[in-house]
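4 protein chains.
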Amino acid sequence: MQTAILRLNCEDKKGIVYNVSRFLYERGGNIIDAQQHTEELDNRFFMRVHFDRREMTITKEQLRQELAALADDFGMETEISFGDERKRMAIMVSKYDHCLYDLFLRHQYGEIRADIVLVVSNHPDLEHVAANFRVPFVCVPVDKNDREAAEQRTLELFRQHYVDFVVLARYMQILSPLLVNAFRNRMINVHHGFLPAFKGARPYHQAYEHGVKLIGATSHYVTEELDTGPIICQESVRVDHTHSVQDLVAMGRDIEKRVLAEAVKAHAEDRIMVYRRRTIVFT
Amino acid sequence: MQTAILRLNCEDKKGIVYNVSRFLYERGGNIIDAQQHTEELDNRFFMRVHFDRREMTITKEQLRQELAALADDFGMETEISFGDERKRMAIMVSKYDHCLYDLFLRHQYGEIRADIVLVVSNHPDLEHVAANFRVPFVCVPVDKNDREAAEQRTLELFRQHYVDFVVLARYMQILSPLLVNAFRNRMINVHHGFLPAFKGARPYHQAYEHGVKLIGATSHYVTEELDTGPIICQESVRVDHTHSVQDLVAMGRDIEKRVLAEAVKAHAEDRIMVYRRRTIVFT
Amino acid sequence: MQTAILRLNCEDKKGIVYNVSRFLYERGGNIIDAQQHTEELDNRFFMRVHFDRREMTITKEQLRQELAALADDFGMETEISFGDERKRMAIMVSKYDHCLYDLFLRHQYGEIRADIVLVVSNHPDLEHVAANFRVPFVCVPVDKNDREAAEQRTLELFRQHYVDFVVLARYMQILSPLLVNAFRNRMINVHHGFLPAFKGARPYHQAYEHGVKLIGATSHYVTEELDTGPIICQESVRVDHTHSVQDLVAMGRDIEKRVLAEAVKAHAEDRIMVYRRRTIVFT
Amino acid sequence: MQTAILRLNCEDKKGIVYNVSRFLYERGGNIIDAQQHTEELDNRFFMRVHFDRREMTITKEQLRQELAALADDFGMETEISFGDERKRMAIMVSKYDHCLYDLFLRHQYGEIRADIVLVVSNHPDLEHVAANFRVPFVCVPVDKNDREAAEQRTLELFRQHYVDFVVLARYMQILSPLLVNAFRNRMINVHHGFLPAFKGARPYHQAYEHGVKLIGATSHYVTEELDTGPIICQESVRVDHTHSVQDLVAMGRDIEKRVLAEAVKAHAEDRIMVYRRRTIVFT
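Chains as they are written, first to last, in our numbering: chain A, 1 to 283; chain B, 1 to 283; chain C, 1 to 283; chain D, 1 to 283.
By construction, these hints were calculated from the structure, which means they are not laboratory data.
A hint or two may mislead.
You can't tell identical chains apart in this list, so a pair holds if it fits in one copy or across any two.
To be verified - Straight-line alpha carbon distances no greater than 30 Å define the calculated DSS-like cross-link-like pairs of lysine-lysine that follow:
(1) Lys14 x Lys199
(2) Lys95 x Lys199
(3) Lys13 x Lys60
(4) Lys95 x Lys265
(5) Lys14 x Lys60
(6) Lys14 x Lys265
(7) Lys14 x Lys87
Let the sequences and hints guide you as you build the complete structure.
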């Protein structure tokens, strides 16, 4: 618990690893794991350091300040999170329950290092599921003529529950920039198609009509533009002529659950960094 | 060798299986394998019957004629092929040799039930590969201002070698309707992307820029419209931020080989039926 | 609903398809789907015919009797089931709930064509899960010194609920021949390892220690000998040095769910035939 | 080319990353990539550092010596290799050519960062393949009553060609400790089965008889004990009742090629570290 995760990115230059490891070493930090990546086309360096703070004598606040100084020297963007500050996660759903159940069950098995603090839905149908897992459920109906009202109400709820990130677990409403901007790179969606192939509605029907032999699902961060945010995880499964659209939908549920869970786990563990329209997902 | 494959399709109605099996039974045919499929949206029935002709007393020609009568009764489209008439296959290549080698080696191991009778290329580079496997190689350069001349020459070569079907093993030229129509549903291409996502050129670069986490390859029959013919086989492989475009290209070669080989095997064994833009690929 | 599934196997000989299709045709049956397979090493023929009974004028009982005559002629083993007689399924569990939830949820989505009529467990822990899905739950504790008593009680419960087949959804007790024989080829287990590699307990620990790069799970029919019954479905997932035993366990849960569900679906739809130690699983 | 790869392992303690990065920084080295891993059960730390030497002023020999001092301080085992000293690789084959072709073709496409300098075989059959790729081929027949003579001869050839590592590309002879010890952790084998399930001969026949629904292949370092050396890579593919043993063999060839190539690439790039019976394969 007395650990922290530092993520940074900057122009690639000599001595970064040395300076970062010295910074931590001199303050009593012990590196548990360090991973790095360079986007060669842009000469951009990315690093994630997981370290033990037990023998550090400075406070979190001091650590942040001293880190800011290092960041200045190297022109780094940095982000730090602490093992004793578990992320608080909200889930938005509509009527499909497979992703919701999947997240609750994985959470219960300890697979997701975050707390599920709230479920928001535009329909009342899934309240019983949240109730089974003893998580507050709030129904915020969406009036097509005043979407902003619903989003304002949702934002309020998120603030009230100190929500750190949001998971759209087959939430069937398009969001406005209001909510999207408030949770930039902190709102994860699952698209039931292999993006960028089948954007928009009814991707399995599109897949069937095209006669594709693979279907997929995609989890990604939400941006203003529909179904085009940075992709976090994708999986696919082979299909053939014997599969009806209904079969594709059923097979799709399985992969939707998997790609969404993988994204949620990675986000909760601060393993994702976004750069332009690509994600770096450390393992 | 004394076997035959009957493929048929017609409106789905009662008694088809009974009538087809009776037709064969009464003529001394013995069914080795029978597979069927119904496209439910269109109420269309498809069947592939593999049967033993050893005890049949009628000639191939008589079989065809009597089959035509049955087909008339049921409004069937039928196609019959004989085990002792091995298909003759031509390969078209440009400069990449991985699919070419793969086809030769699989053929040598007996995986492909067809004869490779000719390699045609718009470049002379791969002549040595064809020579190693003792298959005639003809270079037919393509003059951008007179593509038709090259296609006419190619068609002539195909006729001369009694070519039954054509495999574009990373042939880097766009074909005109002349060649496409002559080999409708008998010309197989491999596209180095997961169609319909990344049509056209440089699909791996497109995939990299989109930051996708899966890349794929697609084999399909060639139609007039670029990269949209009926899909036969698709596969994908997971990728992540550590993979450069070059890595994607290398990983792509592996899946290109597999999806092309799978399509070629299926075609050679008369396991594919095309209906609208979808394929039925029996196993 | 007015459909039936006929499964048969016999020595492979001429005219089987014809005679079976004639048998149905003459009685007004309409074949919806027919699949067949020959085990070549044994010259054994297997067939599954799905047919429409709406225009048949004979009763189920008559159909059974007339079929018996046909079976006699050909030395066939036959089995028939009817679409309006949905199979009744019991689930046995211990303390792990992931497979139990998965089966309930798939059932709720209509993926499993059977009724879940009973959950039996040697522990009281999962009663609330069964309660959520409104399925009777009975706790039958197992006394190590008198296993038979528990099995007798379980058998009684199965008879009382007209149970057709049993699913061991991570049931952590070894069964005696009493229960195994009563449900031969009707009791499905999930083994959390890639059989036959890691039989017995703690397969993920074994996998970790061997440093394997793939882990798997297996669903199979239960036989007297532990973890060696006919395999129905297997899947695997790649792992590497970064995965702890705990990670393998978590990844294992996902594939356990999938292979068990696939087996349950296939069994419920009468798509499985067992021959010696192998299964034929029609699609 | 002016790069080097340092691999090290030691008891896990504070300051290793800092000290290693300082060591390189102070000598003008620039870290291109660094990866690390801790085997938690043993508290053992592993690290691979890829660095640029262009601005280093010390010779390779000095670097080795100074590194030895650092290693002493931390009780490290270290290994260093240089980008301008490409590894030299020998291939041993018998009669199957699919892995041999695959390695040659991948090498030609630049996928394998090593030189293929020699092919040794106990049969003359594949000489023409080596000749096509202009690599020396030596036939060393194995006399069953004097295996050592053949191994001595082979060792001599390896020394003569400065062979750094050996790839058994379906070499069908069991090796004695003589050759195994000379190339400990430098000799890679491909086993055509999913180890540890199907050791020894005819794994596909074993798989068929067990009725498994997955087949696999395994690449591993060779140890004295047959088919039990540290596993480097494994893959599997789903099979069903329709596949004959011959089909399994054909499908097996594809995965054999892939797992062997993946192991060879990783070894050539110094990405593998062996610890006990497990491998750490950095990406």
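We went through each hint and held it up to the structure:
no., hint, in the structure
1, Lys14 x Lys199, "neither (42 Å within a copy, 40 Å between copies)"
2, Lys95 x Lys199, "within (20 Å within a copy, 35 Å between copies)"
3, Lys13 x Lys60, "both (28 Å within a copy, 23 Å between copies)"
4, Lys95 x Lys265, "both (23 Å within a copy, 24 Å between copies)"
5, Lys14 x Lys60, "both (28 Å within a copy, 20 Å between copies)"
6, Lys14 x Lys265, "between (32 Å within a copy, 28 Å between copies)"
7, Lys14 x Lys87, "between (34 Å within a copy, 28 Å between copies)"
Checked against the numbered hints given earlier, this structure breaks only hint 1.
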